[in-house]
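So the sequences go chain by chain: A and B. Residue 1 is where the first sequence starts when you use this note's numbering, and the numbers rise one by one after that. Residue 1 is where the second sequence starts when you use this note's numbering, and the numbers rise one by one after that.
Please note that the accuracy of each hint is not assured.
[Unchecked claim] Result set (BS3-like, lysine-lysine): computed pairs, CA atoms no more than 25 Å apart in a straight line:
1) B:Lys495 with B:Lys430
2) B:Lys430 with A:Lys92
3) A:Lys182 with B:Lys430
4) A:Lys97 with B:Lys495
5) A:Lys192 with A:Lys96
[Said to hold, decoys possible] Distance ranges between label pairs, derived from CB positions:
6) B:Asn239 with A:Gly112: 34 to 40 Å
7) A:Ser114 with B:Lys534: 33 to 39 Å
8) A:Ser181 with B:Val315: 34 to 40 Å
9) B:Leu178 with A:Ser80: 41 to 47 Å
10) B:Leu178 with A:Lys54: 52 to 58 Å
No lab work stands behind these hints, which were simulated from the structure alone. The model shown is predicted, which means the values in this text are computed figures rather than measured ones. For every residue, glycine included, the Cβ atom is placed at its ideal position computed from N, Cα and C.
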Amino acid sequence: MREGRTKGGTWRRGCVSCPSIRAPKVPLAFSGGAMGSWQARPEQQHYYHQLAQKTGFSAEQIKNLHHRFRELSANGETISRAHLESIPTLAKNPIKKQIIDAFFDKRNQQEGESGRLEELDLGHFLMVMSHFRPPRHKSGEDERCAVRRQKLRFLFNMHDTDNDGTITLVEYRKVVEELLSKSGAIGHEAAKAIADAAMLEVASTNVPHMAPDEFYEGITFEHFEQILNGLEMESRMHIRFLDVDTSTVRCGKAGSTSTP
Amino acid sequence: MARHHHHHAVLGPRRAGLTCLIPPLFLALLVCTAVFSANVPNNQSGGGWREDEKDDNDDVDNDEQHRRRGNATKTFPVLSFNYEHIRIPFEVSLWILLALLMKLGFHVIPRVSRVVPESCLLILVGLLVGGAIKAVRQTAPVLDSRLFFLYLLPPIILDAGYFLPVRPFAENLGTILLLAVAGTLWNAFFVGGATYAVCLLAGGRLAGADLLSCLLFGSIVSAVDPVAVLAVFEEIHINELLYILVFGESLLNDAVTVVLYHLFEEFSHAGTVTIADALLGVLSFFAVSCGGILIGVVYGLLGAFTSRFTSRTRVIEPLFVFLYSYMAYLSAEVFHLSGIMSLIACGVITRPYVEANISHKSYTTVKYFLKMWSSVSETLIFIFLGVSTVAGPHEWNWTFVTVTVVLCLVSRVLGVVGLAYVVNKFRIIKLTKKDQFIVAYGGLRGAIAFSLGFLLTQHQMKHLFLTAIITVIFFTVFVQGITIRPLVELLEVKKKRECDDSINEEIHTQFLDHLLVGIEDVCGHYGHHHWKDKLSRFNKTYVKKWLISGERSTQPQLLSFYNKMEMKQALMLVESGGGGNIFKPTAPHTDPRFPSRRRADVLEARQKEIRKMLHSNMQKDRQRLRSYSRHDLMEDPFEDDVSEARFRKRAEMGRRMSHYLTVPAKRPEAPPSVRRVAFQPEHRVYTYDDDESAREPTEARTDPGLPDAVRPQNQEEDDQQRLAALRRLSDPGPV
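Throw the hints in and build the complete structure from the sequences for me.
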């Protein structure tokens, strides 16, 4: 990492490939922790640009998310599980564990690998977040299909915890149990019944003519897509990234502010 | 009339032709009744008792002699004819019957009903009836505004509000509000102002119109009408977004219409409007809409609270729903607040809590009565519209009428396009050009505009306005109503997707909600999902405890959904099956005899009923079940009854159920050896043990907790125990 500590508008000249990124209002020389390594501005912008291309976010959005990243990671370089688990509002979520696992799941990084990450850096964080981008207005049919598939894949990975390509009955039961977990002592049986009925429905829609000796192994990704076709994931599974105003949100870590 | 006959007989098959003879007969009967009832007062010589026309025995002679003799003693009339006594109920019933027979007639002729929406046909019928009545030189009944607003409109709005799809409504609330408020205001002022300009230019008869009158006219004619929209949109099955946009707009613009109408009506008599008045108008708008909603919410909560205690008197439960909603409407109307908004709010608030409390039969009753009343109301409204058109005094002015129609169209299109442009900056799912076109084209005017016009008092331009309003209504309902269906096909607008309750979709909808809330938390911003989550949590912790009785107050939504769905499926199967051994379920909600039952029991008992029904017709000839058997084993008792296809289908379903309720394939042991269950040769209906506790020894319980309602008729203890033992043997253990 090159050292270069300067301020002001001289940075812009160095970066030819990213014309869309505005000059920062705050002299943005940020620390990378105790080591005091400074990142030079053009490299940071180049990094942003790479990320923008990879994840599809705009530069403004990346900057906001980076801000949030720094808050979560207490100004460190990476986010660990403990950081995510200490978000107070997340505690009441019944599927908290699954959400956190999804962040650390290598399958969601679109690099064809599987397994678990130990820590997240900005790129990984943004990659996971990119699954929740809203659809573009003028996207064609293929693009919408691709976006929908990507989002459904994310959901599928959340359910398919052992990475065998199918959601088995046990895994599905776990999903339903987690969903019902915060709703009172509903009991094992109810979750089982619901999960069973759901599996039955998937099978009867996708494989209508099963011979008596056949056995439905589990929900494959195609069946999953088929059964959730009506939900139109590309329009439902998104959050607004435009007005992420993280400066007003306390993330629960007392006294942590990003040092300018 | 003969033309009518001939037309019908030619179109349909012979049977249809015969059926269609009935409505004209009733038409004739109605006309005769109207004539007769008008004539009766003329013939009566005081009191109905003396009308003896049907007597054909001595008493007649005696009586006539008596009458001739003057005030002698009267003999007892064996048969008498007293029409005045029952006149009003009779005529009302006759009208309703006529309306329903018309509706019946339309559906018998499929070709016509596919092209022309029902509302158009009904208006035509109304025109015919009105024409017939007028031809007999009687005064035809006009759509009385009081009748319309107090009796005909509320059922339709309640039906719409009760079954309003809340999720898309809430998601698009911003757009809907913008269209309703800003769109209606724009329409009213544009049409009013432009009409005034045209009147000034045209002169002549039209010169008498001042600005306020024209604005009043504009405000009446600019409101999109929910009745007409419902009537047309329901037949074209358009996708949910567009439906909710147009329909939501038609509901919410009531507040704007009420305020504008009263404002201009007041001031058109006074003469001028000042800025202070305009400000008061704005204030009044907020009061009208928020007040209406508040009243609706209060009554809705009251209704929900009342339904908590109705477990012992299930029969009157539906009445509470109807009466509280109607009271909400009337209370809002007392204060000149928006009755429609109050009714919608009441329906929306009442529904989730009431449905959790009332029995299944009451729920079905509520649903069917609402649909029935709204259907009748709608039919009557359109017929009366037709009749009133013929009856009312008209003043036709070519310029005025054409200008009005054109202006309405233009202002609607401009309004929608402009507002869509604004709203697209804030929406994630933007409105495409096609969407905008359908929203603009679906802005139909209807009976509300007519009634409001009719209510105009002492206005010199009243007849002119009424004629123009009727023309606009006819134009929108006929032209736009008929052409919207082919246009939708042509433009390939997305249709409503087949809404089957899917437990998977429900699971994933909830999962997605939680996921999005979680992601928003990670992102650190309080977005729309966050607030929705907060609201639902508030609802769960506080509101539900008060409004839902018993254990169902803590039942999670997924579970309620699942139960409802299973019950529906089971009932469907029972209905399609028929036959002796099918066990009909009782009302699924908390059985009052067993208030302390655990939630799991309720679920289990219901599931057992359902599975029993599903399997009661299945052939089980040495069927190998790879299941931890929650199923009954029974022989199919009625190969003779059940048709081959149904039989196969049920068998398949049973097999599939047994497949999926298995331990997954990964388990190393081979299923069959462990799980083969013996085949019971007798025709018996078995029940299970109470729940799967047979598998989980920690919770092992025996059966006695089941209420009699679930237990079938012929059951024996030893069989049950044998079955239980077999199951324990066959069960591979908890996963």
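Hint-by-hint comparison with the structure:
Our distance criterion of 25 Å between C-alpha atoms is met by Lys495 (chain B) and Lys430 (chain B), whose separation comes to about 17 Å. Using a Cα cut-off of 25 Å, the hinted pair Lys430 (chain B) and Lys92 (chain A) is violated, with the two alpha carbons roughly 33 Å apart. Taking the CA atoms of Lys182 (chain A) and Lys430 (chain B), the gap is near 35 Å; set against the 25 Å cutoff, the hint is violated. In summary, the hint linking Lys97 (chain A) to Lys495 (chain B) is not supported, as the alpha carbons are separated by about 38 Å, beyond the 25 Å threshold.
Of the pairs offered as hints, the one joining Lys192 (chain A) and Lys96 (chain A) holds, with about 20 Å between alpha carbons and a cut-off of 25 Å not exceeded. In this structure the hint that Asn239 (chain B) and Gly112 (chain A) lie 34 to 40 Å apart at CB holds, the actual value being about 37 Å. Evaluation of the 33 to 39 Å hint for Ser114 (chain A) and Lys534 (chain B) yields a pass: the beta carbon distance comes to about 36 Å. The given range of 34 to 40 Å is respected by Ser181 (chain A) and Val315 (chain B), whose C-beta atoms sit roughly 39 Å from each other.
Checked against the given bound of 41 to 47 Å, the beta carbons of Leu178 (chain B) and Ser80 (chain A), roughly 45 Å apart, stay inside it. A beta carbon spacing of about 37 Å between Leu178 (chain B) and Lys54 (chain A) contradicts the range 52 to 58 Å that was offered as a hint.
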